[in-house]
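Visitor: For reference, the chains in residue letters:
Number of protein chains: 2
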Amino acid sequence: MFWESLLNARAHRLQPSGIQEMMVYASRPGAISFAAGQPSEDLYPIEEITHGFEEAMKDTSVLAYPYTEGDSMLRQWISNWMVEEGLASSVPGSERILLTTGSQEGLNIISQLFLKDGDVVVVENPSYPEAMLTFGKEGVRFVTVSMDEEGPVVSELEAALAKEKVAFFYTIPTFQNPSGHSTSLARKKEILSLLKKYNVVLVEDEPYRQLWFDEKPAKTYFSLAKEEPVLYLGSFSKIIAPGLRCGWMVLPPIIMEKAVQLRLTFELGVSALLQRMIFYVVSRRNFEAHLSHLRHEYRERRDAMAEAISKHLAPLGFSFPTPKGGFFFWGSRDGLNGTDFARFAAKNFGVALIPGEIFFALPQKGQNFVRFSFAKVDREETNKGMERLAKAFREFC
Amino acid sequence: MFWESLLNARAHRLQPSGIQEMMVYASRPGAISFAAGQPSEDLYPIEEITHGFEEAMKDTSVLAYPYTEGDSMLRQWISNWMVEEGLASSVPGSERILLTTGSQEGLNIISQLFLKDGDVVVVENPSYPEAMLTFGKEGVRFVTVSMDEEGPVVSELEAALAKEKVAFFYTIPTFQNPSGHSTSLARKKEILSLLKKYNVVLVEDEPYRQLWFDEKPAKTYFSLAKEEPVLYLGSFSKIIAPGLRCGWMVLPPIIMEKAVQLRLTFELGVSALLQRMIFYVVSRRNFEAHLSHLRHEYRERRDAMAEAISKHLAPLGFSFPTPKGGFFFWGSRDGLNGTDFARFAAKNFGVALIPGEIFFALPQKGQNFVRFSFAKVDREETNKGMERLAKAFREFC
Chain A
1 MFWESLLNAR
11 AHRLQPSGIQ
21 EMMVYASRPG
31 AISFAAGQPS
41 EDLYPIEEIT
51 HGFEEAMKDT
61 SVLAYPYTEG
71 DSMLRQWISN
81 WMVEEGLASS
91 VPGSERILLT
101 TGSQEGLNII
111 SQLFLKDGDV
121 VVVENPSYPE
131 AMLTFGKEGV
141 RFVTVSMDEE
151 GPVVSELEAA
161 LAKEKVAFFY
171 TIPTFQNPSG
181 HSTSLARKKE
191 ILSLLKKYNV
201 VLVEDEPYRQ
211 LWFDEKPAKT
221 YFSLAKEEPV
231 LYLGSFSKII
241 APGLRCGWMV
251 LPPIIMEKAV
261 QLRLTFELGV
271 SALLQRMIFY
281 VVSRRNFEAH
291 LSHLRHEYRE
301 RRDAMAEAIS
311 KHLAPLGFSF
321 PTPKGGFFFW
331 GSRDGLNGTD
341 FARFAAKNFG
351 VALIPGEIFF
361 ALPQKGQNFV
371 RFSFAKVDRE
381 ETNKGMERLA
391 KAFREFC
Chain B
1 MFWESLLNAR
11 AHRLQPSGIQ
21 EMMVYASRPG
31 AISFAAGQPS
41 EDLYPIEEIT
51 HGFEEAMKDT
61 SVLAYPYTEG
71 DSMLRQWISN
81 WMVEEGLASS
91 VPGSERILLT
101 TGSQEGLNII
111 SQLFLKDGDV
121 VVVENPSYPE
131 AMLTFGKEGV
141 RFVTVSMDEE
151 GPVVSELEAA
161 LAKEKVAFFY
171 TIPTFQNPSG
181 HSTSLARKKE
191 ILSLLKKYNV
201 VLVEDEPYRQ
211 LWFDEKPAKT
221 YFSLAKEEPV
231 LYLGSFSKII
241 APGLRCGWMV
251 LPPIIMEKAV
261 QLRLTFELGV
271 SALLQRMIFY
281 VVSRRNFEAH
291 LSHLRHEYRE
301 RRDAMAEAIS
311 KHLAPLGFSF
321 PTPKGGFFFW
331 GSRDGLNGTD
341 FARFAAKNFG
351 VALIPGEIFF
361 ALPQKGQNFV
371 RFSFAKVDRE
381 ETNKGMERLA
391 KAFREFC
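Chains as they are written, first to last, in UniProt numbering: chain A, 1 to 397; chain B, 1 to 397.
These are computed hints drawn from the structure, not numbers from a lab.
Glycine is no exception: its CB is placed at the ideal position from the N, C-alpha and C atoms.
Mixed in with the good hints there might be a few duds.
Said to hold, decoys possible - Derived list of chain B stretches under chain A, where covered just means 3 residues or more per stretch with a C-beta under 8 Å from a C-beta of chain A:
hint, stretch
1, 60–68
2, 234–244
3, 250–262
4, 312–320
Here chain A stands alone, though its shape is the one from the complex (with noise of 0.2 Å):
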């Protein structure tokens, strides 16, 4: 009681993640995880990362405290890296570019720099849980916007934008976590001139954009937006390793400089040894060809969990859209209790899913969805799992 009575606002708003809860059923030994984002241990690179370590282990600088922007080797490769890869129309700069440890903490930072209790953030129904954490910490209220298959629904956006003073617009554009959605080229210039015109902050979180399976992505926000108040993160943890924690942020002049005096009381700094590592991965000759290993590799594991679904889950009512990217099938079943259902599978036949109602973020939605990841399965571990499932549902009902 005495330590309870001392914590702030904040600290009584925080919440359990339900993406955790999950996650230590599924390091159960046997357990088959259809749960967390995590790329697949098999796909990193390795010997890069340890060809990183001792390349960037001949400057012992990096072993100092580190700029409070991050290494400036990395933000150099990236700001060029972005206009390559087509992220960007012209060069940001490298001094535009905050390296973090990853969208996760660019998420905290504008939540710290912009947010206040009783503001109002609009966000996509469904969407990534953790970054609702993020802003509903500080007392935010969340207004919701619709996806359909070309993204974010233009007139529940304007609607939201018409009537409430709205804080920003958080969006993950490329095969969206939970959902698969990429935004159309058309649907995003028309939520450009929708910022304009009300004058509104997009923030835009591309973890997944590199993992696409057919066609590259649309155009970044960021790489259309003139005038539009646009802010990009990106990050390398699905692409090389998520244990190097690192990722980066796009900002205009004004916010990189309280980002920075922000990121100063956080942690000082962000170990630059890790960010030097991943400098040497990106700036190799290879890292281009690694990345279409990967979208080779998951695009397999995609085809085989697609084809397990098919097989065991959909003559049960459940109903999945294939995905063109990233990690994650969604989908739902008519009258099922996700999340009771996500309990009984994990508890009782070993396979950890996630279930849908935390994506939402207003309570009493999204029940009858549930989220698999098939980044971490190989094809037989997918068939196994899905045939578990299909046991478990059975039992279930």
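Given chain A, put chain B in place with the hints provided.
Guide: Relative to chain A, chain B alone:
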């Protein structure tokens, strides 16, 4: 103007770091740096770090998303080591240990769980500027307690606690930054009974504790406390390498739970690769020998700086007590404007030092103080730097 208008009160309260400004001067070619609390690069245990990387990479799960609490092997090691090293009177248990990226992150986590706009935080006068930036961004008001050679002055602390509702008392009890003072055992006991009387939390920050030159420091508050609420912060930055970004906190269960939920929204988790590397460094048989070596080397540098000060600066009226551990000489000269002098010496004589002013929570204090770090400079550089400073001072006056 558009972006500025979006920032919240926290963002407006953020300030540039005075230490960072001096670091820019310190990094100029030919400059001699007495500025930052950076360990010496030649004292990093490079071989052990490399060995740690090789060992850690044998388990590629260190490249996956990390546990939010931190690596369990390192947490277990810290829990045991705290007893062996005399930091704790009994094993705290790894479940109470949160790995951080260093004390700075610990201070921010505490701030974000406990503080709100208008709260009062008691700090030592002088104290660590980045801690004050961290607390200050949440909108707190500072009440300060003077330091003497035994530690914080008890009558001043009691007056503060009696008058104000205090969120916590922040102290660096061992080789304090910047004063170099260590709080005596008797003083700690007095302060603990005050905490009990007023039911106030103590935040104990100990980055320099292992760097003692003459005798082991007095027992920690944490080990002395029975019911008194103490939050303990330790760090590997000064004794291994700051670029590995690793420290820890010991927290009561309810605060641990909230800290983990908060950390999740900050960054999901901290790189397990770095933490596991630290584990392999600290659990090697030669770690105690490494600490002895550091103490020996830093003692030599302390001695060299004491000699150079008495040769070059004492005749000019500067007075610097000799520290018994840590990294810093802290001293003053009547009539000096330390901030102007530090800029003048850095710009014109290529010597970086930290002006005293920034270590004081309340403005207009400590102007005649300056801080020198001896950690990164050898005997020759120290002598050359002090010679330059004496010249700078003659020209400055």
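Visitor: Return the numbers of the hints above that this structure violates; sort them in rising order.
Guide: 4
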